[in-house]
Each structure stands twice: as C-alpha cells, then as structure tokens.
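In order, the protein sequences belong to chains A and B.
Residue 422 in the numbering used here sits at position 422 of the first sequence; the count goes up by one each step and never skips.
Residue 607 in the numbering used here sits at position 607 of the second sequence; the count goes up by one each step and never skips.
If you are wondering where the hints come from, they were derived from the structure by calculation, not from laboratory data.
There may be inaccurate statements among the hints.
Not the full set, but computed from the structure, chain A residues with beta-carbon under 8 Å of chain B [as the list claims (entries may be wrong)]:
id, residue
1, T195
2, L389
3, T495
Derived DSBU-like pairs: lysine-lysine, alpha-carbon spacing no greater than 30 Å straight-line [as the list claims (entries may be wrong)]:
id, chain 1, residue 1, chain 2, residue 2
4, B, K598, B, K389
5, A, K481, A, K110
6, B, K461, B, K598
7, A, K364, A, K110
8, B, K632, B, K317
9, B, K317, B, K470
10, B, K317, B, K461
11, B, K470, B, K639
12, A, K364, A, K459
13, A, K459, B, K31
14, B, K389, B, K470
15, B, K639, A, K364
16, A, K363, A, K459
17, B, K389, B, K317
18, B, K470, A, K364
19, A, K364, B, K632
20, A, K110, A, K363
21, B, K632, B, K470
22, A, K459, A, K112
23, A, K370, B, K317
24, A, K370, A, K459
25, B, K470, A, K370
26, B, K466, B, K389
27, A, K364, B, K31
28, B, K466, B, K598
29, B, K31, A, K370
30, B, K466, B, K317
31, B, K461, B, K389
32, B, K470, A, K363
33, A, K363, B, K632
34, A, K363, B, K639
35, B, K317, B, K598
Glycine included, C-beta positions come from ideal geometry on N, C-alpha and C.
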Amino acid sequence: MMSTQFPWLTVLILLPLVAALPIPLLPNKYGRTVRWYTLSAGLIEFSLMLYAFWQNYDLNTPGFQMVESYPWIPQIGLNWSLAVDGLSMPLVILSGLVTTLALLASWQIKDKPRLFYCLMLVMYSAQIGVFAAQDMLLFFLMWELELVPVYLLIANWGGQNRLYAATKFILYTAAGSIFILVAAFAMAFYGGDFTFDMQALGDKSYSVAFELVMYGAFLLAFGVKLPIFPLHTWLPDAHSEAPAPVSMILAGVLLKMAGYGLLRMNMEMLSDAHPYFAPVLAILGVVNIVYASLTAFAQDNLKRRMAYSSIAHMGFVLIGIASFTTLGVSGALLQMISHGLIAAALFFLSGVTYERTHTLSMKKLGGMAKQMPTVFALFTAGSMASLALPGMSGFVGELSIFLGFTSSDAYSTTFKAVVVVLAAAGVILSPIYLLSMLRQVFYGDASEAVAIPGLTDAKPREAFIALCLLIPIIGIGLYPKLATQTYDATTVALTTQARDGLSTIARQPMLDIELPFMAPTVLGTEAQAHLVD
Amino acid sequence: MDSLYQFAWLIPTLPLLGAMVLGIGLISYGKLTTQLRSLSAIFIVSLIGASMVLSFGLLWSQIQGHEAFTLYIDWASAGDFHLAMGYTIDHLAALMLVIVTTVAFLVMIYTDGYMAHDPGYVRFYAYLSLFSSSMLGLVISPNLVQVYVFWELVGMCSYLLIGFWYDRKAAADACQKAFVANRVGDFGLLLGILALYWATGSFEFNVVGERLHELVELGSLSGALAGFFAILVFLGPVAKSAQFPLHVWLPDAMEGPTPISALIHAATMVAAGVFLLARMFPMFEALPTATDIVAWTGAFTAFMGASIAITQNDIKKGLAYSTMSQLGYMVMAMGAGAYGAGLFHLMTHAYFKAMLFLCSGSVIHGMEEVVGHNPVYAQDMRLMGGLRKYMPVTAFTFLVGTLAICGIPPFAGFWSKDEILGSTFQTSPALWAVGFITAGITAFYMFRMYFMTFEGEFRGKDETVKQQLKTEQLQGMGLAFGPGAMNPKELTADYPAEDEAHDDHDHHHSDEPHESPISMTLPLMVLAIPSVLVGLVGTPFGNYFEAFIHPPGEVVEAVTGLGISPEFEWGEFLTMAGSSVGIGLIGITLAVLMYLRKQIDPAAIAERIQPLYQLSLNKWYIDDIYEVAFIKGSRRLAKQVLEVDIRIVDGLVNLAGFVTLVTGEGLKYLENGRAQFYALIVFGAVLGLVLVSGIT
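In isolation and in its complexed conformation, chain A is listed as follows:
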C-alpha cells in the first residue's frame, strides 16, 4: 500500500508547529484573522488525523501500526520514532477533538492573541507527540514541550492567583518528569545494548529489584500528573486559575498522558513489577476517589470543585489498571476517554458562566437557570455524565472497572470487597457534590444572586462546542463498543502480558513483601468454589 509509506504521524505532529510559525507575521487588527487561522489549522489537523486513522489503522491488530523511525541525533541515541496502537490512537483522537474545540472556545481572548494561539498550537503538537512517541527520550522531550506552553498560558491569561498556580504547576510537573528521564536513562543503559526504543526496552529482561525501582520512578512522575494523592495539590490551583480553554485541555487531555504513561511504561514495559505495585495502585485509587470527593464537596469555587472531581475520577483509572483483567484495563482506558470529554465539557461550561458573571464563587451565584436555560441544560447533562449516569460514557467506564476488579483473580476476596465497597462510595459522593453545585448555581430564586445586567444565554458557538462533547459522551454511553472496539485488541494483549507477570510472581515469590494475593484460579462456574470464602 502506498499509504504505509506516507509519514502520517510525523505530519500530524509537525503540522500545528509549522502552522504556529507564521502567526507572528499575520495582520491582527481586530484579533479575528488569528483566531480563524488557528481554528482552520486545528480543523485541518483533526480531519487529517481522522482520515489517516480511517485509512491506515487496522482495529484488529494489537501491536504498533503506522510505524515510522528516523535517526534524529544518533550520537545520543535519539530517534524520531513514532507509532500508534490501541492505547494511543483513541487518545490522539481525543486530544485532537478537545484541542480543536478549545481553540473554538478561545474566541474571547483579546489579550496578546498571537502568543496565545501559538502556544495552543505548540501544545497541540506536543500532546500528539506524547501519545505517538516510541522512543523514551522523544517521549520525554514531548512531555516537557507540553509543559512550557501550559505554564505560560496559565501565567499570562489565568485568574487572580495565576502566577502562584503556574509556578506550582511547573515545579510539580517538572520535578515529576525528571523521574521519567532518570528512568529512561537507567533502562537504556541496563544490560549493555544502549537504546531508547520502547519496544526494545520492553523486551529487555531486568532484575525484579531494578524493575521495582523503575516502576516507582515512573509512578512518581505519572502520579504527579494523573494526579495521585498526595501529589495532587497543584491541580486545583492550576485548573481553577487557567483560562477555560486551557482548563479544557488540562483536564481533558493532559491528565490522560499520565494514565497513558502508567499503561505504557508501568504496566506494559515493567510487567514484572506491576503485580507488586498493583495493590498499591488500587489503594491509591480508592483514596483518590473518597478523599477527592469529600474535598470537592467542601469547595466553594466552581472550577476547584470540578478539579477535585477530576482527581476522584482518575482514581477509577488506577483501580482499572490494577485489576489484571481485560475488562478492568479496558474500563480504565474508557474512563480516561470519557473523563476527557466530560471534564472538557464541564470546564468549558464553567468558563461560559464565568465570562458572564465574573465570579466562580458558588455562594455568589444562584438562580441562573431562568436567564441561561441552555447553559443550565448543558451543565446538567455534563454533571449527569460526570456522576456516571447510565446512558453516558462515564457509567460504562466505571461499570467495566467495577466488574473487572470484582472478577479479578489476583486479589483475595476481602481485599477486593474492601476496594469495591469504598470505590462505590464514590457513587454516593459524586451526586452530592455535583448536584449541590447545580443547585447553588442554577436553582433557586435569581434575586439572591449577584445582580448581573444583560445576562445572556449560550450563544450558538458555545452550545455547539458543548454538544460536540456531549454527543460522543452519549454515543459511547448508549453503545460502548463505539469506543471499546478501537482498542480492544491492544488491551487484550496488554492484559495477557500483565497476567504473565502475575503468574511469574505466583510461581516464585522473590521478595518478602506481604501482598494480598491468592493463587490464580480459573474463572468459571465450576471453579467458583475456589473463589468463595
């Protein structure tokens, strides 16, 4: 096929970067040219992306596809090598969708629009780069490339505390990402042949102790980004101070980089260490869910409340990754996609509200439904999706994770029961903080709220953005296979690999660590007796 020769992924990564180059030269008398230019660049990029995957991506192949590899700086072993598989392809599309919509949502940026749009386009490239990189060093570079625009975007266009939030963000994530670099070097040097190629690194056989240390390093790096308790405190600051389009990308895509990293590095490449850490992940996931749900409930700031709700939702991803079942891993990936859409929608809508009211304090808001019925309807739909209402994508993700973890044979019954019960407490907590948010902002008598003259309902552009996010949310919720079949082959292969790691451990317990494990049993109706207390 001709198309295999065409370097689609390189084009996809470079196109936004190249498009950003002429922006400083554009005439910008009224700020319109730039935004139309950027939006068209984003749309072209997104359509090319869909076309490229439609033409070249085979859903039934579990391994890497559309592989490209060119030596870049051979002296240090850096290769420009790219590929996608089921883990990365859906996330590339997610970042394309969310970033393009974020560009459309940036309509109101009047201050230094050229710089703003340049940075957005750089971020666009970096996100795709992170998901497509097959070289550890390239991965790290892309990861860092995405940090700088976010820092600048928050520091320049953010809310009142923007400098504090931006600095905290850059310090936390930069400190975290050092561990990626360290681990990359350590793995590259391990055992003689020096390489940064992910597949080669994954094929190397490391000692278990080494894998454990590497696993820990990656976990720290991704734990900051995901975020995992107690490394999460940068997130509420960054998300609430960032301008709405940046919050959309932060919550919609950047958090997923960490989830992707956990799946790709920790679970796939370090599958021998995964069983040792998996119970820890499950416990951290539960802590994320319960802790962040409670803190969310105590927040008065709209965006901070949603930021904490993101932390809670990412807790489910951790539990899914820890489950050692195809269903759980599939659920984790689905939860990431779903949360990407839902969080983007909610952050966008809170931006819409903020633009009109100039406050995010829920105490000052109230009774907005009468003046903004469309925003109210869209916000309600977004909140319902976020609290995992069936018929929307969040439910399918959480249900798969619950079912996956319940049917997992890697843990003792008691451990599973405790994790599932505590995680299910999120089912009660999420409506408490989301619905009370709706109640405080939209319900009630408008007279109690801040008087806002000329409060207008959502414009068609705004309703369009929200609907572009809600339609896939509902689509996946009604028929989950729309999303799951794009990655099913890969998650099955990935789980098989992780389970190999599990059985290695079951055969030879190498470390004297007390783990809540039991011997794997075959799931089936006849074998139930083994599973039962």
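Place chain B on chain A using the hints.
Only chain B this time, still in chain A's reference frame:
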C-alpha cells in the same frame, strides 16, 4: 404474531425519540420550540399512544399463551467478556408495559390542562416522554445490568421533574435529596449486582437465583453471605420504593408538578422496586432470612407511612405518605412470598393512586384560582372544604379512589389488599396484624382527607387560616428542608417577595374554585373504571391474575370458566375479608365522626396524646435525625478533609519539594526564573545518574 415481538423495542424507543426531538429543539431553537405547544403535546401523546397500542397487543398475545420472547444484542465487550442488552417480553413484562403506558398516556393528556399556563409546558412534555421511555426500558430488561441502567435513568428523570420549577428553593432541595437518597440505594444495588456476578458469573435473573441456590446447597457459599447479597440488592428497592429508612425523599418529591407525582411517584417508578423484587424472586425464595427482612421492612414502612399520613394537612404530602404505606404492603407481600398478590396490588394501586393524585392536582388547580399560585395555600386542606359543590367530577372520582384504597368491596383495592393480608396470614400472623391495623388507619386518614377537602364549608377565603399557615411555614423552614443551608433572614426576605411575584401574574382571583377542564377530568373518569373493576380479575374464586402472573418455575393451574373453583373455601375468605372490611369501616366511622359530623374534636385527641401526635406530625423525626447525622455530618467531614488537604497535604508536599530544591529560594522568587527550572532538571539528572550507577 412474532413480528409484533420483533418490533417490541419500539415501545421504549418511540417516547425516547419524542424526548430527543423536543430536547434538541429546545436547546437549538428554544424560543420557537416553546411556542409550538399543541404540536409538541400531540406529537408526544401520539407516540406514547402508539407504544400503548403495541403493549396491549403484546399483553393480548401473552394471554393467548405465546411463549416468552427475548432478544439480545452484544452491548459491551472486552476480550472474552460480553455483556448483552436487549428485551424480554413475558407475562410480567407485558403487564407492566400496559400499566405504564396507560397511566403515562392518561397523565400526558391531563398535563395539557394542568400545565396550560406554565412557560415550561414543552419542556415538561420532553421530560415526561423521557421518563416513560426509561420506565418502559426498565420493565422489559432481560438482566440485572440493564435494570440498573434504566433504574438510574428513571431516577434522573425523577430528579429533573421534581426540580422542574427550578426557581423554587424547596423544589431545588427536594430534587437533590431524591437523587442522593436513591443513589444510596443504587450503591447497594450495584454492590449486590457485583457480588452476585462474582458468586454466580451471571446477570440473568433466573440463572443468578438458581446458581446462588446451588452454591448455598453445595456449601461453597455460606447462607449468611448469600442473604447479605440479597439484602444489598434489596437496598435498591428500599430507596426507589420509598421504604424505611430511605423513604425520606418521597414526601419532599411532591414539590414537583402534580402530573409527575401521579405518574412517577405513585404509579410507576416507585413501583419499580416491587418489580425488581419480583424479577429477583427466584433468588429471594431460597433465602429465608433475607425475605424476612424484606417482609418486615415492608410491614414497618406500611405502618409508619399510614401513621404519618394521619396528621398531614398538605393534600399531596398526605397522598405521598399513603403511597409509601401502600408500597410497604407490596414489599411485605413480596417478602412473605405472595408474589402474585404483591404484583396484583401494584396494578390496582397504580390505577387508583394515579387517579387520586390527579384528583389532588385538579383540586390544587381549582384552589389556585382562589388563593393564587402558592403551593403552601393551594395544597393545604385547611383552606379547602366543600369542594364537592364546585368540582363534582373530581369529588366523585376521589371518592372512588378513596373507597378503593380503603378496601371496600367491590373496588379494586379490596381484592388486592385482601389477598396480601390473606397470604401473609398464612406465613406470619404478626405481619398480618401490622397490615391489618394499617388497613384501619388507611381508611381513617383517606376519609379524613376526603371530608376535609370535599365536604363541609369552603374555607378558601379564611384569612386567619392563611396567616396561621404562613407562620407555620416560616417556623418550619429552618428544619424541614434538608440539604439547603437556611438562614432565617433569607427566608423572611425571600418569601413575601415570592408571594408578590405570584400575585402579579395572577390577577384573575375568583371567590370560588371551578371544575377543571375536560382534558383533566377525562383522565380521571377513565382511571375510575379500572379503579372499580380491575380487581375483578383477581378474585379469590376465579383468580385469573395469578394464573397469568406467577413466580417463574411455579405451576399454577389455569382458571377454567367462570365458575368458582372447587378448592375455594368460603369460610376462610369470609373471615379474612370480613375482618379487613370491618376494620376499614371502623376507620371510616371515626373519620365521619371527627371530620364530617364533628362530634369528636380531633384537636382534643391530639392534645391528649401529645407525644404520639408530635411524632406523627414530625414524621417520626427522621428528617431531623438525618439532617444532623448525615447532612451536617458530611458537610463537616468534607470541611475537615479540605482543611487537611490545604494545611497538611499541600504543606508537606510543598515542604518536601523545597527540601529537594537545593536552590531553596521559595516559590515567589521562582515566578519568573526559568533558569532555576533548568537547574532543577540538571540536578535531577545528576541525581538519577547516581541512582543508576548505584543499581547497575
């Protein structure tokens, strides 16, 4: 005939289509869609009408003996795991389809009159249609996961509809309370489903029951654990069917417009719990401890609801507690193993309670002409009285409903309630006694309601009563509405304003109420027919109902001809029926003496038994307890966790960050220094290399 089954998926899909069309219209062309009132109404009503016709077709075919039909599609999959969704049409599903579609159809016609002046008319139809669709999807679910899906969806519709008048604070609080209380139940249901899947590897109702039974018999699963799983599942019905201790949302749900109180909070959604118990009957059957808990929860709820209903003055709240009490009967029947009796009562109750609620709506509609659009005045029975003169159709149909719920033969409620009492007596006389006493209380409070509303003098212009209501309301607000933190100042400022606002668009005050328009009275008259007659399909001497609806696996002989079946025992029937009619009559007599002929002064009695009176008036103080224990408790906990987050977690991690940062100049100096950032990377890389060399 099979083609009818092939197209049964249309039954929930048609209303969904309607809701989607209106919903998209409202979001994209809001102004235009809001104006297309009659077009929207006709569109929605004809869709549900089509569903109703299909449902009747299916029921007819099932009665003719067509075998059950199930269709699956692969819905979600991951590797080897496949989860199927689809629909199953059997006797129970066909019956439920007919109940839901007929009530929904009539309620939608009624809505046209009731909501005629409401600006949210079209939105209301969209919600109603969405609800009907979810409810119909629920009753044809072939497995537990699909039940859970629609279970939550009906809950969401209920949330949207309770909070329909979103500018009312009470409605805003009530809808959140309803959703959260239901989520507590769903939490149990979800865990129950997961636990059952873990134990049996299946989501199918029958398979789960059978395998669980086998596992317990083989001894590989302890009976206690299996019972615990069943109780977890039961938590779902406890919340949805407003059973103690999760009943608190139902009375508050009356903040929604009356048509949805009739459709959702009386006839269909709240009965979903009983429906699920019926579907899970094969599982419960084998677990006696669990069924005992189910039965006693039901019995206790029946009694508690009735005891609270006695002192309610709000007509809708009174009916709400009555619904709770009647649902208690059904749950008790399910727990006592009276499968057919419980579902029979579900059916009769759906019709007569929907009618009673619609009557109350008609009364409120009439009252609003006199006292204005204020729910506090329009719904309080102390301002009513003598309405029979002004609203004869409403009064007559309300009387029919009252007689039905009191269990007076030959009205529908008599046959179903009597059957429940009869079957519980065989299982446990103690349960029967609770149900028996409750029957007496039911008769009393229903006639109290009827007399206060329709007999005597009209009190709608009585300013002293109004003043009293206003003070009561202001006093009560502080405690009564849970989730909303109230401060008294807010209230005094808020409420008079609301009155004025309503008075403004309400200048056509008249001195006396009028009968409601035909679109409202017609559904009442139609519903009166089943309220009288539907009980006759389940008489003890020719129980066609139980021949049709019986637990899976149980063989019930078909009723042949119209004759009285040979094993029927007159003596037993007469004692049971006689005693329950007897206690009903005692209740009615008391109500007549107290509220019609005023020979006994209710206030004096209340004074005598002050503690009991207060207990009932304050709904057993359960809302107050929850307010302190859960609502304030969870707020406090959340605040404390946030404190910990800000002060300790953030502080510690920042501190750790500072220690690592040998640059150590503190956050504020780093604001514009990218140099330090690169220093940090270099530092980290060095650290890393040291680490690497240490390991290899």
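Status of the hints after comparison with the structure:
1. T195: violated (15 Å)
2. L389: holds (6 Å)
3. T495: holds (7 Å)
4. K598(B) x K389(B): It holds: about 20 Å lies between the C-alpha atoms, which stays within 30 Å.
5. K481(A) x K110(A): violated (42 Å)
6. K461(B) x K598(B): holds (21 Å)
7. K364(A) x K110(A): At roughly 26 Å apart (the allowed maximum being 30 Å), K110(A) and K364(A) satisfy the hint.
8. K632(B) x K317(B): Holds, at roughly 25 Å.
9. K317(B) x K470(B): Cα-Cα ~17 Å, so holds.
10. K317(B) x K461(B): holds (22 Å)
11. K470(B) x K639(B): violated (35 Å)
12. K364(A) x K459(A): With Cα atoms ~23 Å apart, K364(A) and K459(A) stay inside 30 Å; holds.
13. K459(A) x K31(B): OK: K459(A) and K31(B) at ~13 Å, within 30 Å.
14. K389(B) x K470(B): holds (27 Å)
15. K639(B) x K364(A): holds (19 Å)
16. K363(A) x K459(A): Distance ~25 Å between K363(A) and K459(A) Cα, so the pair holds.
17. K389(B) x K317(B): holds (24 Å)
18. K470(B) x K364(A): Given pair K470(B), K364(A) holds - Cα atoms ~28 Å apart, limit 30 Å.
19. K364(A) x K632(B): Holds - the C-alpha atoms of K632(B) and K364(A) are around 21 Å apart, at most 30 Å.
20. K110(A) x K363(A): holds (29 Å)
21. K632(B) x K470(B): Distance ~27 Å between K632(B) and K470(B) Cα, so the pair holds.
22. K459(A) x K112(A): Judged against 30 Å, a Cα distance of about 24 Å means the pair holds.
23. K370(A) x K317(B): holds (27 Å)
24. K370(A) x K459(A): At roughly 16 Å apart (the allowed maximum being 30 Å), K459(A) and K370(A) satisfy the hint.
25. K470(B) x K370(A): holds (26 Å)
26. K466(B) x K389(B): Answer holds: K466(B) to K389(B) is near 22 Å, not above 30 Å.
27. K364(A) x K31(B): With a Cα-Cα distance of about 28 Å, the restraint between K364(A) and K31(B) holds, given a limit of 30 Å.
28. K466(B) x K598(B): holds (22 Å)
29. K31(B) x K370(A): holds (13 Å)
30. K466(B) x K317(B): holds (18 Å)
31. K461(B) x K389(B): holds (16 Å)
32. K470(B) x K363(A): Since the Cα atoms of K470(B) and K363(A) sit roughly 27 Å apart, the hinted pair holds (cutoff 30 Å).
33. K363(A) x K632(B): Measuring from Cα to Cα gives roughly 18 Å; hence the hint holds.
34. K363(A) x K639(B): Answer holds: K363(A) to K639(B) is near 16 Å, not above 30 Å.
35. K317(B) x K598(B): Judged against 30 Å, a Cα distance of about 24 Å means the pair holds.
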